[in-house]
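Protein chains in written order, with this note's numbering: chain A, 1 to 321; chain B, 1 to 322.
Note that these hints are calculated values from the structure, not bench results.
For glycine and all other residues, C-beta sits at the position ideal for the given N, C-alpha and C.
There's no promise every hint is true.
Okay, the calculated beta carbon distance ranges per label pair [claimed, not checked]: (1) A:Glu282 - B:Asp163: 53 to 59 angstroms; (2) B:Glu90 - A:Val214: 38 to 44 angstroms; (3) B:Ala176 - A:Val214: 55 to 61 angstroms; (4) B:Arg45 - A:Pro302: 48 to 54 angstroms; (5) A:Asp54 - B:Pro122: 49 to 55 angstroms; (6) B:Ala217 - A:Gly147: 43 to 49 angstroms; (7) A:Met176 - B:Ala125: 34 to 40 angstroms; (8) B:Leu301 - A:Ser181: 57 to 63 angstroms; (9) A:Glu282 - B:Glu49: 45 to 51 angstroms; (10) A:Glu242 - B:Ala246: 55 to 61 angstroms; (11) A:Ala295 - B:Asn94: 31 to 37 angstroms; (12) A:Ser175 - B:Asn94: 21 to 27 angstroms; (13) B:Tyr86 - A:Tyr249: 45 to 51 angstroms.
Now for the letters of each chain:
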Amino acid sequence: MADAAGLYRTVRLIRRFEQHAIELVRGGVIPGGIHPYIGQEAIAAGVCAALRSDDVITSTHRGHGHVLAKGSDPVRMLAELAGRETGLNSGRGGSMHAADVSVGIYGANAIVGAAAAIATGAAWWHRQTGSDRVAVTFFGDGAVNQGVLLEALNLAALWQAPVLFVCENNGFATSMRVRDSTAGSITGRAEAFGIPAETIDGQDPELVLAAAEVAVDRARTGGGPTLLECLTYRFDAHHTWEYLARPRYRTAEEVAEGSVRDPLRIQGDRVPEQVRDGIDAEIEQLLETARQFVADSPEPDPAGALDYLYADGLRARPGVS
Amino acid sequence: MPNMSFLRGLNRALTDEMERDPAVCVFGEDIGVAVSNVTIGLLKRFGPERVIDMPISEQAFTSAATGAAMAGARPVIEFQIPALLYLVFEQIANQAHKFSLMTGGQLKVPVTYLLPSSGSRPGWAGQHSDHPYSLFAHVGVKTVVPATPTDAYGLLLSAIRDDDPVILFAPSGAVAQREDVDYETLAPVPLGVARVHRPGTDVTVVAVGHLVHDAIAVADELAGEISVEVFDPRTLYPFDWPALAASLERTGRLVVIDDSNRSCGIGAEILATAAEEMRLVAPPRRISRPDGAVLPFARALDLAVQPSREQLRGAIEAVVKN
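Work out the full structure, taking the sequences as your base and the hints as a guide.
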C-alpha cells in the first residue's frame with residue numbers, strides 16, 4: 001500500500017502498537033521491556049512500501065516498526081513480545097528477535113550492525129539463483145562504527161549485491177550523540193566503497209518512499225547497493241528501562257523540539273479526515289483483538305524450552321544427569 | 001587401490017557435494033589458488049560464482065554465508081587459520097547457531113566451517129596454533145574432528161548436508177595421514193557416531209583427532225601387557241555417549257587424550273560424564289595441553305605443551321594399576 005492512506009495506516013499502526021506495547025511492559029505482560037520506535041515510523045513505512053512481499057529485510061533491536069511495515073501480523077507480533085506460544089517465533093525470540101519468514105523478515109538482530117552482512121549474503125544468493133528479490137538491512141547511527149558493517153559495505157559493493165542499507169540516524173547510540181561517536185560522515189562511509197548514498201528527511205513517509213523506490217529499483221535491475229541515511233528523532237526512551245533509570249543525556253526541551261516533526265501528523269495531514277478516522281478505528285479494533293489474543297494465549301510449556309535448537313531435531317542433553 | 005591423503009579426502013567431499021547439490025558454494029581466502037590444498041580444482045570446475053575468493057573480512061563473509069544459507073544456499077567456509085574463529089565467534093556462536101531457536105524454527109543455517117589445518121604446526125607459534133574445538137562444543141555448535149582420510153571425506157559430506165551449522169577441524173597432526181581406498185565405496189559418515197579403531201578389554205582411551213594415531217601407536221607398544229581400546233569420538237558435539245558407555249562396560253577404565261587447554265576442554269566433559277553416568281572401576285585420567293596454554297615458538301617448547309605418547313602411556317599404566 002503505497003498511497004497516502006496506506007502510508008498513514010502503517011505509521012498509525014506502528015505508533016499505536018508501540019503505545020500498547022509500552023502499556024503492556026508497564027503492566028508486566030511484556031517481560032524485559034522494549035526499544036520503542038515512536039518517532040521513527042516514517043522510515044519503516046516508506047522503505048517497506050517500496051518492497052515486495054518476497055523481498056527480504058533484517059531488523060534491529062528497535063525493530064517492531066520494520067516487522068509491522070513489512071506485513072507481519074500485529075496480533076502474533078504482540079503475542080511474541082509477550083512470550084506466548086502463539087507468537088511469531090513461538091515465544092522463542094521476543095522483541096529483539098522477531099522474525100517472519102512468510103513475509104521475508106529474516107529476524108530482528110540484537111547485536112548492533114550484525115545483520116548487514118546477513119542481508120548482503122541473502123541478496124547475493126538471490127542474484128546467484130536468478131531471482132530479482134532485493135534485501136534491506138535497517139540499522140541505527142550507532143552501527144556505522146561497527147567493523148562488520150563496514151566490511152559488509154565493501155562486500156556489497158564488490159559483488160554489486162541487490163541490498164539497501166538503511167541507516168536510521170536518530171541522533172543517539174543509546175546516550176551517545178552522533179557527533180561524539182562518528183568521525184567523518186555516514187554517507188561518506190558508503191561513498192568510500194563506491195556505493196551511492198543520500199541523506200534524506202526520515203520524518204516524511206512519502207520522501208522516504210520516493211528515495212527507497214529509486215534504491216530498490218537500482219538493486220532490482222542490477223545496479224547494486226545503496227545507502228540511505230534517514231534523519232529522524234527518537235521521541236521516546238532508548239529502552240523502557242529508562243522510565244525507571246532516568247538517564248540524563250537529553251533535556252525535556254530537546255525532546256519536545258525534536259518531536260515537532262511527527263510522521264503521524266505529516267502523513268495524517270495528507271489524508272481526508274473521514275478516511276483517517278476509519279483507519280484509526282480499524283487499528284484500535286485490531287490492537288484490542290491483539291491484546292485479547294495475548295490474554296487468551298498460553299505460555300509455552302517449559303518442557304519445550306530447547307525445542308527448535310537444532311533444525312534437524314537433535315535434542316540437547318538436559319542440565320541434570 | 002588408490003592411496004588417498006587426508007586433504008584429498010576433504011577435496012573429494014567438496015567436489016562430490018558441489019557436483020550433487022547446486023546450492024553448495026565455497027567461501028574463503030585464497031581458495032581459487034587453493035593455498036591450503038583443500039580447494040584444488042574447484043574454481044576451474046565450478047567457476048567463480050560458486051568458489052568465491054574473499055577479501056580479508058572474516059566477520060562479514062561469515063555472516064554473508066549465514067544470510068545466503070537462510071536464502072537457500074549451503075555455503076562451506078574455509079578458514080586457513082584456526083585463530084580466525086576468534087574473530088568470527090560472534091558470527092557463529094551468537095548468530096548462525098541461534099537463529100533456529102530464536103525464530104521458533106523458521107530459519108535454518110546450513111553452513112559448514114572448514115578448518116583444513118588446526119592445532120600445532122612447527123614454527124607457526126602463538127597466534128596460529130590453537131585447536132579450539134572445545135569452544136564450539138561448549139557453545140553447542142556441531143563439532144567434528146576427523147582422524148583419517150575416509151572419515152574426513154565422510155564427515156565433511158555429512159556436515160555439508162546437515163541443516164545446522166557444523167564446524168569441522170582437520171587436525172594438522174593428521175593431515176599427513178594416507179589411506180588406501182576404493183573411491184566407489186566412499187560414503188557419508190553420520191555425525192554423532194564414534195568409531196572404535198582397536199578393540200580392547202583393559203582400558204578405553206578416548207583420543208581426539210590426530211591423537212587417535214598416537215593412541216593406536218601406544219596401544220601397539222603395550223600389546224601383550226595391557227589391552228587398550230582406542231575410541232575415536234569423531235564428532236565432539238553431539239558426542240556419542242552411548243558408544244562410550246558401551247566401551248566402558250567392557251573396560252571400566254578411562255583415559256582421555258585431548259589437544260585442548262585443560263580447563264573446560266572436551267576431555268573434562270568426557271571425564272565428568274563418565275564419572276556421573278558410566279561404569280568406572282578406577283579414577284579416570286586425562287592428558288591435555290596445560291591450563292591457558294599459549295604455544296611458544298621454539299619447537300621444544302611447543303612440543304612441551306602438547307599431549308605426548310609418553311604421557312598417554314604413563315596414564316594408561318597408572319589407571320590399570322589402580
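Structure-based check of all given hints:
1. A:Glu282 - B:Asp163: 53 to 59 angstroms: 40 angstroms, violated
2. B:Glu90 - A:Val214: 38 to 44 angstroms: At roughly 33 angstroms between Cβ atoms, valine 214 (chain A) and glutamate 90 (chain B) fall outside 38 to 44 angstroms, so the hint is violated.
3. B:Ala176 - A:Val214: 55 to 61 angstroms: Cβ of alanine 176 (chain B) to Cβ of valine 214 (chain A): about 57 angstroms, so the range 55 to 61 angstroms holds.
4. B:Arg45 - A:Pro302: 48 to 54 angstroms: Roughly 50 angstroms apart at Cβ, these two residues keep to the hinted range, so it holds.
5. A:Asp54 - B:Pro122: 49 to 55 angstroms: 53 angstroms Cβ-Cβ, so the 49 to 55 angstroms window holds.
6. B:Ala217 - A:Gly147: 43 to 49 angstroms: 45 angstroms, holds
7. A:Met176 - B:Ala125: 34 to 40 angstroms: Roughly 39 angstroms apart at Cβ, these two residues keep to the hinted range, so it holds.
8. B:Leu301 - A:Ser181: 57 to 63 angstroms: 44 angstroms, violated
9. A:Glu282 - B:Glu49: 45 to 51 angstroms: The hint (45 to 51 angstroms, Cβ to Cβ) holds, given that glutamate 282 (chain A) and glutamate 49 (chain B) are roughly 47 angstroms apart.
10. A:Glu242 - B:Ala246: 55 to 61 angstroms: 57 angstroms, holds
11. A:Ala295 - B:Asn94: 31 to 37 angstroms: 33 angstroms, holds
12. A:Ser175 - B:Asn94: 21 to 27 angstroms: 24 angstroms, holds
13. B:Tyr86 - A:Tyr249: 45 to 51 angstroms: 33 angstroms, violated
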